[in-house]
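Trainee: Residue numbers (the working numbering), protein chains in the order written: chain A, 1 to 641; chain B, 1 to 681.
If you're looking for bench data, these hints aren't it; they were derived computationally from the structure.
Check the hints yourself; a few may be wrong.
Mimicking DSSO-like on lysine-lysine, the simulated pairs with C-alpha atoms at most 30 Å apart in a straight line are [what the hints assert, rightly or not]:
1) A/Lys593 to B/Lys384
2) B/Lys336 to A/Lys515
3) B/Lys336 to A/Lys593
4) A/Lys593 to B/Lys390
5) A/Lys593 to B/Lys452
6) B/Lys389 to A/Lys593
7) B/Lys384 to A/Lys515
8) A/Lys359 to B/Lys336
Given the structure is predicted, the values throughout are model-derived calculations rather than measurements.
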Amino acid sequence: MGSGGVVLLILLGALGWALIGVLGRIAGWRAGRPAKVDWLAGLLALPRRYLVNVHEVVARDRYASTMHVMAAGGLVLALLLVVLVHGFGIASPWLAWPLLLACVLTLLGAERVLRRRADRPPRLSGGRWNRFGWAIGGFALGLAWFTLPATGVMADPGLLHPVSLAFAALLAWSAFELADGLAHGPMRHALAGALNLVTHPRAPRFSADRPVAAIHPIDLDAPRLGVETPQDFAWNRLVMADACVACGRCEEQCPAFAAGQPLDPKFVIRAISMAQGADHVDDRHYAGRRWPGLERRVGEGGAARPLVADGGLIPPAALWACTTCRACVEACPMMIEHVDAIIDLRRFQTLELGAVPGKAPAALAELAAADNIHGRAAARRMDAFVDLDLPLLREVESTDLLLWLGDGAFDPRGQRAMRAFVQVARHAGLELAVLGEEELDTGDLARRLGDEAQFQRLAEANIATLARYRFRRIVTTDPHVLNSLRNDYPAMGGHYEVVHHTAVLLELAEEGRLKFQPGEGQAALTYHDPCYLGRWNGEFEAPRRLLDLLGPGRVEMARHGRTARCCGGGGGAPLTDIPGPRRIPDMRMADAKATRAGTVVVACPNCAVMLDGVTGDYPAVTEVAELVLARLAVPAERVAA
Amino acid sequence: MASTDALFQPLTIRRCTIRNRVMSTSHAPSYGKDGMPQLRYQLYHEEKAKGGIGLTSVGGSSSVAPDSPAALWNQLDIGEDKVIPFLQEFSERVHRHGAKIFCQITHMGRRTRWDAENWMATIAPSPLREPSHRSFPKEMEDWDIRRVQQDYAAAARRLKEGGFDGVEVLADSHLPGQFWSPHVNRRTDGYGGSTENRSRFTLELFEQVRKAIGDDMVFGIRMSGDELLDDGITPEEAIKLARIHVGQGCIDYLNINCSHVYTERGLANLIPNMSMPVAPYLALASLIKREIGTVPVFHAGRIPDVNTAARAVAEGHVDMVAMTRAHIADPHIVNKLREGRVDDIRQCVGAGYCIDRIYVGGDAICIQNPATGREATLPHIVPKGQGGKKVVVIGGGPAGMEAARVSAERGHQVVLFEKAGALGGQITLAGKADWREGLNGITRWLQGQLRKLGVDVRLATLATVEAVEAEDPDIVVVATGGHPNLNEVKAQPGHVVSTWDILNGTVAPGENVLLFDDHADHHGPSVASFLVKRGSKVEIVTPERKLMVEVGMTNFPHYLRDLYKSKAVITPDTRLTEVYPEGNKLVAVLVNEYTDEEEERVVDQVVVEHGTLPDDEIYFRLKPLSRNLGEVDMRRLRDRLPQEIVRHPDGRFMLFRVGDAVACRNIHAALYDSLRLCLTF
Ligand SMILES: Cc1cc2nc3c(=O)[nH]c(=O)nc-3n(C[C@H](O)[C@H](O)[C@H](O)COP(=O)(O)O)c2cc1C
Ligand code: SF4
Ligand code: SF4
Ligand code: SF4
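Please build the complete structure, drawing on both the sequences and the hints.
Mentor: If you want it as structure tokens, here you go:
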């Protein structure tokens, strides 16, 4: 037998092995719940999603991106050419040389993989991933050896030549290592990753305009609400979890992880992946970092076993430490949706087990009783604003701009920002109306705490109320309200144009309807992106442009825009209150302090409360509208309430 | 936060929705000009509206008729239509900031002077002398009753035309209350005798007022729930009166007071000073609210802090809580509370300087807030300036602390030297006199502000010329205060001691003490009370016609009560000229101011209060090094313009003196000196 035949034999064997593994994996995916998938659209979109969306994230890490282009590009090219050269035995140098080159490229890529492994940053997993570089390299080397004769540089030494034997062994080991990995190891990312791009449940996130980060509603009459076991996930979400490359970029961005709370988004995804492949697994062989604070913990699970439990793969605290900030999602090169998974898991805990920790159950109970988490009578929402004489939509019936007060109306910090906005807006001649006591909580918090039933109830009620009136746009100072009305309400039948007050203020300023004091000489300020305005709604620029109109001297925190660190106030985290050695808002204020700016400007009532609550020698916290009011050319006190 | 939530629930009365439960009750700050609320008056209340108050009730004791002269405390005259444009401007100004505005109207009856303004006889239900104004009133005839009622109704109508949200009739101790109180009303006709008869005047009056203002406007009354007089209105009687009048359906709220103001002692109880506990009469207001129940109850009476205020509302004692003097001290209370800056609230200390000033000196100003009543020229929030200068302040008494605060607010870098181990200066000293302890609140606030502003406060550090020069300052403010002046009495050193020595404890109180008060302010009587409480037998001697002529009505009755109770002897019209030893005793030589007759006292200790002389050594050492040689352009100072005098161009800094380092005055003067000067830095 010629040495080319050996290559063929090894590759066919490996392919068979891979096929068995992959079929097993597919069976696992198929055990998930059904999902509506538009295969054709997904397949057509695949190249773009891969080359644009994935590339955009991967390219943020230059080293990894070059590494991936070389290793993956070389490997794919080599595999294509191998079919021709060794499969069909076309020993043309015109094919052999490119194949050799592909092998060299792969080899160089493998070298980069190994070099990174030599000094592995802790976010990367070890274990089988440590062998991955050797396997790719070995595969390329073995292939190269058996391709040399076809290039004509040397004669075929024959299979029994000791060097050939050694290379055959190397090729065999590496091919089987890679093939096995297609179902059970690192190579799985290629298959599941591609499939994930095709079947991704959030197709809109790949579109060029703003992201639509809606949370998927669930059928409240379903026999089981939310996700308990891996098999309760839709099958394409199981594929998604399998796409994880354990790169730890999510972990690196996670504010809860950084605060030492027992949450690691990577571990959440890996746990789903681990559990779906077997009836019973434990995480003793998990090769990444352990849950912070629970380093010695061992969790168990399986395809049909609960994921979240005291002894489960995911500790309950992990679920409730999440601020739903989406930093992990934003960082993931594999387009994985951690927050969706966390919300699905929370839904089961909340709706089926009633196992919400901390002060969250009390808040949800208040919400059920009073339609707001503060348990206040509906009429109280207007208490802080009576002197503004805001027209009630009930009386005026139509308005251009409907001001949605939100639950910030019950909180002194939120009230201040809202009053400032109303003052500035009116000063510029804008007319606003409110729903007053007809306004209920949007249900946003309930939804994020997994209480989908309350969310749907409140959304339906609010949508029914809004249907009675005419208005062009809804404006709010609260990005959580904005996100809820803009992204979550359409699936419930409510379609509105919703704008953040910063956008309205920018419009007014750009139209010349607001005149500011000269901005020179004002102390430097830095802007904190609210997660729900930034990552959830893609609005990074408007608030910055507005601030720049007030004067020079805006500086950026190291983490800003898409990578901004959460204030700690989202997703009900302040209510579930999972302890950790550090506090997220403290860390954010330290970020702000490092800029040496005198003021950190916030654009969300939750951020204001969280960051204002940090005591010590830190920059002052000001809400955008408050700052705009203070910087109007007319002294703020002259701007009538 | 949750605990002060109760204050942030709006209250709706008729069509008037008040945004929160904090109000200022009507008071007469003596800012009226020709009987009209002109700019100063309006700005004073606009500031409270800006500061977030729910309701400001203005025009304390505003006059409705010519024989209730407005001129007495520069009150408002609502008795003529010419006031209406002023009222309109006023109400717009307050409404602009979302607050509501009421006005009190009154006929003072016998509680005024016949020789003021129009020289008309005072009137009352019965011809009984009013002690406080020494007036002998005319007993009202039928047509007096009629015209006064019509005057009230006409005044109420003017307020309505002026855009006011409400009108309040002041009953207690004024004409309506004079009808109600058996202490004053001895009539035997239909307007005297039974409670019903004593209510006839007001029932007729209230009906006419309501008719004049229609259904929309709020109409309430201020009444005493207990006159604290044996034959006056008791709580039972007050409840009866309240029931009768609320039952009539014309009035919308009851504003409950306690005590009376027929005498100065009564007034001292009505407006509790710092010697009295916080919220002394809340229980009385609460009682009336419980008994009546159908209309909201307002109440004022030494509620200086937001926690007490919140409790009063949250526990249901009252519906609106007044923080009247509290807003004189800080008109921005509500905003600060809302903004979570409770620490920044300058809390009223209850010195009563504001109210005392309308009886002694003229206008209501706050001992600790020089901007109050001067809103046209002084800001309550010091605007940030260019900054960039280095300011050295020498002395940490009120003048120095205020200079440091204002300079730092302007954005400058400030160093404050204080030779003692703590800030406060003479405030700390004055605060040692038992109930005067409350004065330390002034220091606490200033100190807190200095901390927030990052002023470099160097305690226990004497400012030498070298130390000052080492800071390379652009401006030096000398606020070194003074030391007691004992030079005016002939005596060997040690034979007379100062009031400071006594308060500081550097000299133990003697057994028989003669205290010579040649200052006529708080110093003498507060040290005399300090001494008697520590067992001394005290004779207090003054060349004045009476003791403490500079101390007003909310304070002097408390001192006199203490002194008389402890059998202190008060000797007016007499001057201490000499002290000499005799054995282990001292002989004090006293001379009568009018006869020159001499008498002597043999005592153990002689304490002299004769003000202070400036501690000006460092000032005079720095003077030749300064650019202005210490000179101040008085006109520019008055007009709040920057000081620009240069007498010594090589000088490295501008030099100023403030407070008692200039001359012996008081806390307010010290703060005012610094505020208006340093605002221009
Ligand atoms: C300067 C001054 C003048 C006052 N004049 C009046 C007045 O004319 N009519 C009145 O009803 N109360 C008057 N008051 C009393 C206040 O309305 C209030 O009852 C009193 O100050 C106690 O409340 P407080 O402790 O909140 O300041 C006056 C108070 C002050 C300080
Ligand atoms: S959403 Fe934010 S808090 Fe939650 S896992 Fe992701 S990064 Fe962590
Ligand atoms: S979930 Fe995404 S970001 Fe996180 S480790 Fe996996 S691939 Fe990396
Ligand atoms: S003078 Fe005294 S009593 Fe009057 S407001 Fe100021 S601090 Fe209060």
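Trainee: For each hint, tell me whether it holds in the structure or not.
Mentor: Here is how each hint holds up against the structure:
A threshold of 30 Å between alpha carbons decides the hint, and for A/Lys593 with B/Lys384 the separation of about 22 Å falls inside it, so the pair holds. A C-alpha spacing of about 27 Å is found between B/Lys336 and A/Lys515, which places the hinted pair at or below 30 Å, so the restraint holds. With a C-alpha separation of about 25 Å, the suggested pair B/Lys336 and A/Lys593 falls inside the 30 Å cut-off, and the hint holds. The suggested pairing of A/Lys593 with B/Lys390 holds, with an alpha-carbon distance near 25 Å, which does not exceed 30 Å.
At roughly 17 Å between alpha-carbon atoms, A/Lys593 and B/Lys452 fall within 30 Å of each other, so this suggested pair holds. This hinted pair checks out: B/Lys389 and A/Lys593 have alpha carbons roughly 25 Å apart, not beyond 30 Å. At roughly 20 Å between alpha-carbon atoms, B/Lys384 and A/Lys515 fall within 30 Å of each other, so this suggested pair holds. Between A/Lys359 and B/Lys336 the alpha-carbon distance is near 29 Å, which keeps this suggested pair within the 30 Å criterion.
Hint check: no violations occur; every hint is consistent with the structure.
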